[in-house]
Amino acid sequence: MEALIAYISYPIFLVAYIKGVQNAILVCRASPEAHLHPEAGRLSIFLAGVLDVVFLGRLFKVNKALWIGEWLFHLTFVLTLIGHLRFILYSPPAWMSTTVCIGKYAGILLPFTIVYILFVRIMNRERKHFISIRNIMLITHICFLGLTGVLMRYMIRPDIISVKHFMISLLALRPVMPPPETLFIIHYLLFLGLLLYIPSHIIGAPLVIIAARLRGERAKLLHYPGRETTYD
Amino acid sequence: MTERRPFTKDLSRKEILEIKACTECRECLSVCPVQEVTDNPAISPPERLKMYREFINRTEGLKALVTGGEVDRKLLEDFTRAVFECTTCGACGEICPVGIDTQRLWPLLRREMVKRGIGPIGNQRDLPEVIRRTGNPYDQPPSERYSPWIPEGIPVKNKAEIAYYAGCTGAYQAQPMVKGDLLVLRAIGEPFTMLGPEDEVCCGFPLFITGQFQMLESLVKRLIDAYRSRGVGILLCSCPCCVNLMVRDWPRFYGSPLPFRIVHITQYVADAIRKGKLKIVDGLDENIIYHDPCYLSRGVGVIEEPREVLRAIPGAKILEFDRHGRNSRCCGAGGAARKIFHENAIAMGRLTIDEACEKGADKLVLSCPACYEKVNEAMKDHTGKVPIVDIMELLSRLI
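Residue numbers (my numbering), protein chains in the order written: chain B, 1 to 232; chain H, 1001 to 1399.
Any given hint could be a false lead.
DSS-like mimics (lysine-lysine), calculated; alpha carbons at most 25 Å apart, straight line [unchecked claim]:
1) H:Lys1159 - B:Lys19
2) H:Lys1115 - H:Lys1063
3) H:Lys1359 - B:Lys19
4) H:Lys1159 - H:Lys1277
5) B:Lys164 - B:Lys104
6) H:Lys1380 - H:Lys1359
7) H:Lys1115 - H:Lys1074
8) H:Lys1063 - B:Lys19
9) H:Lys1157 - H:Lys1279
I should point out that these hints are in silico values taken from the structure, not numbers from a laboratory.
Bound conformation, chain H alone:
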């Protein structure tokens, strides 16, 4: 079977230039987490871009005169597997001497493969239907979105300036994390609102990251209109993936600027600590190491605020991974690859755990529900052991 659709059809000028701009210097191989655990340069970022350039050349370049504008299905399948094995952590783009925005580019190349009916892979294909039916990517009942974890006595208002979005991964897979969020918000004391469990649906990130854009517009409009009706001015969220999509892509799918601001919970809490609205009562005489989530640090540049929160804990000594901040190493949870390429994800998670152990950390602090889920899973049956805690979960124990 062959394909004739232009490979540049849905790409912007910048994205086409980026595909053409790779110098194949391979600097990115030294930081690519998939390379770290597979050592397979055939699926590395420069190889993926080279394959895609070849597709463009064969269909729209001089080579089209020879190939008849066709690309073999096998090549497309190889590319699809390579691009879906990526965790989309963006470390390659961060180190790239040219500065190719890979964290943005990979989902768009995935979208092209989806449009050709080749991607996504495995049960990623079920995501649109599952989200349409349940409002979340985990096929869980919407009625149980909050019930197992939401603490007693949390004063959730019907309307408020501030709204809190828990996110599907937090609500269904990393409940100590979102529980910690609410306990900290209660301690700060400013009124906040939440959508009902049936109304707080997926932000669209799993669809975006797997290149399945069809439902995004309706999901985004539904959420934004719901928050708008509650008079929201600030939307708080602790999931870096949600925050990333909300900040960067929601306005595009909504068709206009958002009627509220998106704020990551660590930004809000750091500000509350600064203003004296939140007091940390108990100290922690431990070494804690903070892992920067890729979509928070590289994605939206929130690096300092989580550290500011941790530094406010009396007695806590903050350690750093060798690669931290914008250069942090992916824990393996990203890019919706963790369910399909499970072994890769576990191996990456263990690299994070091992380094935390080597650094002498008493606690590994995370601030992403996907990291939380995967690193916990990676520690099962692993020799390296370090207690894992979410940043708000930790804080909620000390206030």
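Excised from the complex, chain B in its bound form:
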């Protein structure tokens, strides 16, 4: 079983990689958006767009109850991910000890943010179709991923040396047997599942959020009397 897990990793990595590359090719070969008004390309507007991405500013305006859950979810997810870098780096830099510490708390918070999001989504709406099955599956998946991580951290600790050895061996294309702990196997399989299930909005959404900020500025250009009406 352990050997199988090592070897199914590669096709899954490959599929995730091909999906990513295909998406990149699709976007890169398309024609660029033409003729943004120079006014809309100002650095300040771009930075405001970046802040919209970091703080999920548009969601804040729309649904504050959901915003706090989603923002914490995304933050804790990223921090947890960064905290996991120590498992794939042979010699982690010194600063990573801080991220490991932050990642530890983020990992605990992560499942709670998901439960909160589910609660807000299901309870805060009158109609049941306000959450898609796909999203329920995705965040439940991440919730179990987080829970198994927390259990491994505080209750059934696997041999960290073996875990790191396994991960580095995978990346070095010389896989060794993973640690035999069932909880780790489950956690790792859930991670592989997430790789396959990773939603396309992860890359697209931040760019679109920034573009939306630029669009908002362009919409101000139809003023009379005032500036030129050059949307394009």
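For chain B, the structure is supplied; the task is to place chain H on it using the hints.
Below, chain H alone, put in the same frame as chain B:
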């Protein structure tokens, strides 16, 4: 039958990213007017984007290895119906936490279905031929474009800095509105020009919105060159759909920046009131409620000027819909869906009427000919009644 044409062929990077960026959070379902009247999430914005992503994956993604790069015709027809049932009001894009520019995206996805020979739907297919033959989408004689409504004694110049474009819906379907425009322009007193009834053709919006782009370039060039020859510096228009297309897409179809500025009539009139060029003589001791047209508010951001005009009316008390400004609710007239999905449009129009009644409005003020036509139609045989008036029609009675 199957299709092999890439679904991303005519889309820009931004549009592909937008299709991929939907998180399926479904916030948009709470504001989608089609959802309000059909309660059918299968045709909701996230479902449409999901379907389109599936088409891309099946033809250009890993799934193409399994599917052979083919998409079943039935799926394409389902998508086509869903995307053409949309009013393209853009409320979904306004509330979207990611900010997908749906008001722009839906016509482009419609275009793809048109190129595949699946869209548009019903008599929308006749639009190119009708517009080619008559210059308007209503199959009306061009010679009668102005005659039934243009008031006596309107001093239209042959050449002027300002030009007025009436638009097909105003000229043929909402004549009190365009008549009001001209009366107000006369009162302001600045010289203006208009193209002759045979020359003022469709701006191209019905073709754009139904994804039938073939004739757009020739229509746009014809109009722009005609206004250019009259020395026009400002082109005034009261139709939000026309204004939207003129501002955002005319330069693209023309191939260069426009030789004149596009101005919505409320912007021009608000400025005239500010400068004292237009005096409102009579007052109006009534509650009036203003409905923001989707293509004017969300489309080009003209929100404050119509209110400025209404606030200038002595005695008038301005009410607001719960959803107003950039968040306004579609009246059902948008997206060329009103003729095909008539019942949806009527139901949406009645939601607007009902809210106006609940708010205690004495008048429902509109500033879009399509809204004007559809909301009036929605009020027939409806229990809720509120007098409907166009903003310039109202103003022309008070000056």
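Hint by hint, where does the structure go against what was stated? Just the numbers, ascending. Those not satisfied are hints 1 and 3.
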